[in-house]
Amino acid sequence: MLAAPNRLTDSASFREAVRCGRRAGSRTLVVHLAEDGGLPGESRVGLVVSKAVGVAVVRNRVKRRLRHLAREQISLLPGRCTLVVRALPAAASASSAELGADLAGCLDRVMS
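When we follow my numbering, the leftmost residue of the sequence shown carries the number -17, and every step to the right adds one.
In short, the hints are calculated from the structure, not lab data.
Because the structure is a prediction, the values reported are computed rather than measured.
Simulated restraints, written as ranges between beta carbons of each label pair:
hint	residue 1	residue 2	range
1	Arg4	Ser57	15 to 21 Å
2	Leu(-16)	Ser32	16 to 22 Å
3	Lys33	Asp90	25 to 31 Å
4	Lys33	Ala(-6)	18 to 24 Å
Every residue gets a Cβ at the ideal spot worked out from N, C-alpha and C, and that includes glycine.
Let the sequences and hints guide you as you build the complete structure.
Set out below in structure tokens:
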């Protein structure tokens, strides 16, 4: 579970990160990263797992895996920023290791 200050909950923040942030994609994920210009505070993470990924059980499993992986990666984010991770339908059949590798690869590309 992500700590409360690290959770992205309001739709305006999701929209801002997706519209104004940098984007990188893989087979299973699309990552949007928007830096908040050196404002004090912690980085925030939001997840988007649509019905295209699968039924509720599958979507929840993907969300749990992504939350766990994002919690491990949040310390690597530069300063305060907003990270939105959008799962693609291929994420339903991907293992945790595949999701982790895709998330790390996308973060590397979006931060460089």
